[in-house]
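K.L.:
Keeping their order, the protein sequence lines are chains A and B. Numbering-wise (our numbering), the first sequence opens with residue 1 and increments by one. Numbering-wise (our numbering), the second sequence opens with residue 1 and increments by one.
Hints listed in this document are in silico derivations from the structure and should not be mistaken for laboratory results. All values reported here derive from a predicted model rather than from experimental measurement. A portion of the hints provided could be inaccurate.
Unchecked claim - Listed next, with one range per pair, are the computed distances between beta-carbon atoms:
{"id": "1", "chain 1": "A", "residue 1": "L132", "chain 2": "B", "residue 2": "R156", "range": "23 to 31 Å"}
{"id": "2", "chain 1": "B", "residue 1": "K249", "chain 2": "A", "residue 2": "I159", "range": "52 to 60 Å"}
{"id": "3", "chain 1": "A", "residue 1": "L86", "chain 2": "B", "residue 2": "Q224", "range": "45 to 53 Å"}
{"id": "4", "chain 1": "A", "residue 1": "L62", "chain 2": "B", "residue 2": "P122", "range": "46 to 54 Å"}
{"id": "5", "chain 1": "A", "residue 1": "L291", "chain 2": "B", "residue 2": "L170", "range": "55 to 63 Å"}
{"id": "6", "chain 1": "A", "residue 1": "L86", "chain 2": "B", "residue 2": "N148", "range": "38 to 46 Å"}
{"id": "7", "chain 1": "B", "residue 1": "A151", "chain 2": "A", "residue 2": "L272", "range": "16 to 24 Å"}
{"id": "8", "chain 1": "B", "residue 1": "Q299", "chain 2": "A", "residue 2": "P130", "range": "22 to 30 Å"}
{"id": "9", "chain 1": "B", "residue 1": "P122", "chain 2": "A", "residue 2": "V150", "range": "40 to 48 Å"}
Unchecked claim - Listed below are the simulated BS3-like cross-link pairs for lysine-lysine, each with C-alpha atoms no more than 30 Å apart in a straight line:
{"id": "10", "chain 1": "A", "residue 1": "K60", "chain 2": "A", "residue 2": "K223"}
{"id": "11", "chain 1": "B", "residue 1": "K14", "chain 2": "B", "residue 2": "K100"}
{"id": "12", "chain 1": "B", "residue 1": "K337", "chain 2": "B", "residue 2": "K201"}
{"id": "13", "chain 1": "B", "residue 1": "K260", "chain 2": "B", "residue 2": "K249"}
{"id": "14", "chain 1": "A", "residue 1": "K131", "chain 2": "B", "residue 2": "K260"}
{"id": "15", "chain 1": "B", "residue 1": "K260", "chain 2": "A", "residue 2": "K104"}
{"id": "16", "chain 1": "B", "residue 1": "K321", "chain 2": "A", "residue 2": "K101"}
{"id": "17", "chain 1": "A", "residue 1": "K104", "chain 2": "B", "residue 2": "K201"}
{"id": "18", "chain 1": "B", "residue 1": "K100", "chain 2": "B", "residue 2": "K260"}
{"id": "19", "chain 1": "A", "residue 1": "K226", "chain 2": "B", "residue 2": "K260"}
{"id": "20", "chain 1": "A", "residue 1": "K138", "chain 2": "A", "residue 2": "K60"}
{"id": "21", "chain 1": "A", "residue 1": "K104", "chain 2": "B", "residue 2": "K321"}
To be verified - Stretches of chain A that chain B covers, calculated by requiring three or more beta carbons in the stretch to come under 8 Å of a beta carbon on chain B:
{"id": "22", "region": "85–99"}
{"id": "23", "region": "114–121"}
C-beta: ideal position from N, C-alpha, C; glycine also.
Below are the chains, spelled out letter by letter.
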Amino acid sequence: MDQGHSQEFIQHLINGISLGSIYALIALGYTMVYGILQLINFAHSEVYMVGAFAAFYVGKALGLADHPGVLALLVLIFSAVVVCSLLGITIERLAYRPLRKAPKLNILITAIGVSLLLQYSGQIIFGADPKLFPEVIKDSPLFSIGTVEVRSLDLTILIVSTLVMAGLHFLVHYTKIGTAMRAVSSNANVANLMGINVDRIITYTFVIGSSLAGVASVLVGLKYPKIDPLMGMLFGIKAFVAAVLGGIGSLPGAMLGGVILGLCEEMVVGYLSSTYRDALAFGILILILLLRPAGLLGTVTREKV
Amino acid sequence: MEMRDEAARSQALKSIPGPLIGIVILIAIAYLLDATANPYTQFVLTMILANAVLATSLNLVNGFTGQFSLGHAGFMAVGAYTSAWLATRPELAFLPDYLKFLSLPIAAGLLAAIAGYIVGLPSLRLKGDYLAIVTLGFGEIIRVILLNSEAVGGARGLYGIPAAAAIPSLGMSEFISQFSISSIWLVITFVTLWRIVHSAKGRAFLSVREDEIAAEAMGINITQTKVRAFVISAFFAGVGGALFAHTVKYLNPATFTFTKSVDIIIMIVLGGMGSFTGSVIAAAIITVLPEMVLRELQQLTGVDLRMVIYSLMLILFMILKPTGILGTLEATDILRKLRERFKPAAAQESK
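The following block holds chain B by itself, in its conformation from the complex (with noise of 0.2 Å):
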């Protein structure tokens, strides 16, 4: 089963049309929305699509690299100030706006990339353990570093970031503009690192998750492969930041400590480390959440109990099942298989 997997696996997503549908669906549930939700619906959805981005990259890392880094949060931070100071920089003003907005992230992404290779050289030469605590300390640095900023609004924040504006011509609210461009940056993100992983050198990512020795007697370079999912899963963490960043349209270096890196662990924990459809699907599971049961359950005990209960999650999925949701499936293998169930002459013939 698991060579049909992953024969299925590195089949799919290889052709251009299929993401275009995914982008263009999504752009429709977006004009779907504007009609019919309400501002803080659809705020609360299109933090899915930069949680989405967030946690898809952390799995590189911790998912299918088998490395542990607890600070997704600093580069997350790099990129959404990077992002928020572009945006407002009168020498990008040529720019028409929603290309503008479009073309950030890139940037926001390759700062952040710099900062991961920055992090990630020294640092990746430590196993487990000694690498989730030099990337919590970075992460910290990070945030001191822009703790003392004047330039990025130090301890009171960066207000005021702009949001890609409405485009009326084509019927698009500003609302409409934001979730288009972050749905964008999700199918790109998704893509790109699906076809990493499934790749001859996303293959040198699981060798060295499976059995670090055995990967290097068979000539992969530890060291290098380790840096170099670093520095991807960091390029998408900017990318995430970024769109972050011109969602909320508020950004404070208070926001990226050490529990939001935790938020997306939980995330890609949920979801399974190892399966990215896992990790949309838990991103969206713990994006909505506090925000439609841990309020209520706040109102009711007049305590903020999110952290209790993530932390409890956490506890509980490793003791009872450390896969996750999906663990190392994608949803697709899953659909795939529930199709060859539920059709075994279809499935027949295709063979």
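Chain A extracted, bound-state conformation (with noise of 0.2 Å):
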């Protein structure tokens, strides 16, 4: 391997690694719903992309495109976190608590039902057409090491994204919400009985998860600056295999199941074709869910009759 080809890798494995950042923010709400409900929140994704479709009528009423800078991210990142916690709490309220007690497979179709109405208001709403994002973190190369580039807008998603998961993982794992939220996964009936009420813990999985949906379509509207109302269908899907990647219900996993999936997206691009880049995610979900069911942090669980 020549120097060229080092650098090209390491080129990859930097623009992967940042791509699989944001797909484990986004993994991270589909597991933390799982975890809970034992539900694949189809509407996550479409949370997701009015996360964006927020944060772009806010950059442009605010005229953010002119003023890029930090500041100007942390308010779009604030405007989308803040609707998509909203639809969120909907979503929630609206169509999946009516239907706690019901068959799963009813609450399934009801998910899939939120997240095409979601596709197809969005397209009457904001239009068909892509929109272009505001750019607030101008791309430019930071500084290079060697020949290897390191760019603002790979290091702002991975500031970012870090940042936010060390959050999560403070939230989940030191403070009282958290505590009561690992309770209610582990076994929602006894987490009932020690006083904890479930609903509202359920509230606030959705706001959690879909404030990292937030954050995300945020990130991804920096990354490719193209949105339009169909942009979360394949981002949740792959999003969601990086989940069961990693082991559907586990933090860890899907951060781990994330960048895996980043680069192996960005390594399939950069060295074979681009073409069977979007049939590379159900790929690797066949292959894992074939091998290792429970995903590669997962704990496999027996069921008892």
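Dock the two chains into a complex; use the hints.
P.N.:
Here it is in structure tokens:
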């Protein structure tokens, strides 16, 4: 391997990690809801899409594209997080809560329904044509090691997602809400008997998961500036694959899965062909479900009669 | 009541004349429509038949076996492309036209069934939600493969697909040919699925739906049963795809996206998961609704509300009436009960 090749490889590595950390943020939302409700929240990818549009409209209203910088980034993230959290709560209240005791299949169908509803109302409200996301972080090479460039955008994505994930880790492991969430996830009935308001914890879970999707939506908007109402679908499924890859229900698993998926995708695009880029995630999903259904960091649960 | 429903159903459709009468009636309708309806209405009505085949076949997996497949459009695509491709082969020109188009769905179904087997064998070891995602993934993979297959037109799609030709000596127009072939296949599909579900093997499907662990304890091979349901379902999805191909005469990979699978799911949710007659009724409603009502609405509002309304319907049905129109009842059960209510004396005698 000569110099040029290894540098190209490192460049792909950086791209892959930055893409992967976005997958990880969305995957965390899937895995948290799954951990508590055993439900694939199909609507999660649309929450993320709506977040991107919220940030887009706020950015447009405030003219943030002309004042790039960290402050503008924070404003965008804040607005996306607020809108996503509200949407997450609404979806949970209106669509999932009435079905809490219903068969799992019915909730799954509802989730698909909510996802489609948001997609297609999004097409009507936002318009089907792609919008250009405000470029609040100018993408320029910050510094280079050899000929490998570290770009400001990749660094921003990495810093933001690392901070958010560290915050989540703290929240889940060192606060009362986090303890309650873990209790509900391990056994909702017992948690209820111990005086935990399960419904409220579920709401918190949706708020946190949706907020992460909000952060991710801004980062994606910066990395791939064209946003449209169908952007959530494929990205969401890939993030879900990342969650399954890491072991669904496991937070470190979602992070690991996201980064692995991002790397795999970047390497396939870089060295093979971009045609099968989207089929790759499904290939990984099928492989992992066959070889290690619990995921890399998940625990195997035996079904008891 | 449940037991008597079951007893009546397992006796139904056992004889040959019943289904034949069904076919004759449908063909008579075809002649009637040929004289009265315009080509557009005829097209929509032929689509009902293809959609009914698709919905009943999906109901076998999602309704009767309790699995959740989101990839029905994939198998439909396999069938549609197979049939469309074979129809243009000069090697098959020796077959009489009507017979050729009557038998093409068999080839389409077989290939779709093989695809179903390949998909089903690994993924049916998984449960509910995982299965949904994996089947969705396979559906997408099939679509990506079609998109990259230049032999079947790739992204441009496949144009000029022939349909069964007119037979002037029998007074059959092209529409009557296509409609009658679709009718025959709908009846074959319906009767086959009905008889399967009410056979000993079919009870295995139901037991898997009700309780996998209990079914396994009764000596039922869970994975094998699921794969069997999946392959049969894929076969008829292929048949439905073939009927679809020769009705619309143009195929494009973009037709067979996730949204198409959801269309079929909406039909079985609306009709009732676990009711074949419900699926047929819902297929008719869902096929006609966008053409009649939603088209007007679109002209009125200027936006395409079809999927918004469909997805709202999904959510509302799940929250308010998760069983759909018929639940696990069949239309025949309801008819029989109505008969008994209005003719109590006759019912007494028959007992």
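K.L.:
Decide, hint by hint, whether the structure agrees.
P.N.:
Hint by hint, here is what the structure shows:
1. L132(A) with R156(B): 23 to 31 Å: holds, 30 Å
2. K249(B) with I159(A): 52 to 60 Å: holds, 56 Å
3. L86(A) with Q224(B): 45 to 53 Å: holds, 47 Å
4. L62(A) with P122(B): 46 to 54 Å: holds, 51 Å
5. L291(A) with L170(B): 55 to 63 Å: Holds, at about 58 Å.
6. L86(A) with N148(B): 38 to 46 Å: holds, 41 Å
7. A151(B) with L272(A): 16 to 24 Å: holds, 23 Å
8. Q299(B) with P130(A): 22 to 30 Å: Cβ of Q299(B) to Cβ of P130(A): about 27 Å, so the range 22 to 30 Å holds.
9. P122(B) with V150(A): 40 to 48 Å: For P122(B) and V150(A) the Cβ distance comes to about 41 Å; the hint holds.
10. K60(A) with K223(A): holds, 18 Å
11. K14(B) with K100(B): The given pair, whose Cα atoms are some 28 Å apart, holds under the 30 Å limit.
12. K337(B) with K201(B): holds, 27 Å
13. K260(B) with K249(B): Given that 30 Å is the threshold and the Cα spacing comes to 17 Å, the pair holds.
14. K131(A) with K260(B): holds, 27 Å
15. K260(B) with K104(A): holds, 23 Å
16. K321(B) with K101(A): holds, 14 Å
17. K104(A) with K201(B): holds, 25 Å
18. K100(B) with K260(B): holds, 27 Å
19. K226(A) with K260(B): Given that 30 Å is the threshold and the Cα spacing comes to 26 Å, the pair holds.
20. K138(A) with K60(A): Holds. K138(A) to K60(A) sits at ~17 Å (cutoff 30 Å).
21. K104(A) with K321(B): Holds, at roughly 15 Å.
22. 85–99: holds (count 3)
23. 114–121: holds (count 7)
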